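> Read off the chains here:
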Amino acid sequence: NAGVTQTPKFRVLKTGQSMTLLCAQDMNHEYMYWYRQDPGMGLRLIHYSVGEGTTAKGEVPDGYNVSRLKKQNFLLGLESAAPSQTSVYFCASKWPYTEAFFGQGTRLTVV
Amino acid sequence: AQSVTQPDIHITVSEGASLELRCNYSYGATPYLFWYVQSPGQGLQLLLKYFSGDTLVQGIKGFEAEFKRSQSSFNLRKPSVHWSDAAEYFCAVGAKDQGAQKLVFGQGTRLTINP
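From first to last, the protein sequence lines are chains A and B. Just so it is clear: in the first sequence, position 18 is 18 by the numbering used here, and no numbers are missing. Just so it is clear: in the second sequence, position 53 is 164 by the numbering used here, and no numbers are missing.
I should point out that these hints are in silico values taken from the structure, not numbers from a laboratory. If you're wondering where the values come from, they're calculated on a predicted model, not measured in any experiment. If a hint is listed, it holds; no wrong ones were tucked in.
As a list, the in silico DSS-like pairs of lysine-lysine whose alpha-carbon atoms are at most 25 Å apart:
id	chain 1	residue 1	chain 2	residue 2
1	A	71	A	57
2	B	213	B	160
3	B	172	B	160
4	A	9	A	57
5	B	213	A	70
6	A	9	A	70
7	B	179	B	213
8	B	213	A	57
9	A	71	B	213
Please build the complete structure, drawing on both the sequences and the hints.
So this is what it looks like as structure tokens:
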């Protein structure tokens, strides 16, 4: 039982490049989330999904897109990376009315 | 919309001393409340949660937290800290009437333990 798995764990991008972060959960959770963590700012919600085929914007959605084609996967895309997107990205999943389970994070550097 | 404030960015305590980390939330209805801990380079691990019932909740690693509706607070406590408690701690709030769909996190409190 792996829980929440994020791929990749580290990545360096050049400004303007694109990439996709993958989150996979094996707990059959309905809800999935993408957060970014920056020093002194805690975790800020980028996008989330309350079920397969659904997505919604969080607090800081600009510059990111997401898709949830399968219940167990939640993809975060950066179409044209900017240095301001240098951050640690966390995926999480949960059932309604319960706590969230987090992945180990993806450290992204945009140069 | 809900929000969370953790007033202390960084706290230093001596090993064996007691600890209290503050958390204040803003939400118009009954919230779901959580404390998570993050060790360096790791993801977040749930320490404890409050959904309803007894306002004093026990968690893992000897931590407890008390929900005080009148003060909109959910402070985390531990009677005697260990060096392994050094980490960053996050308080989070979820809207109960929405199944806690969205968890809003505070800015975090970094805990340093002096030997």
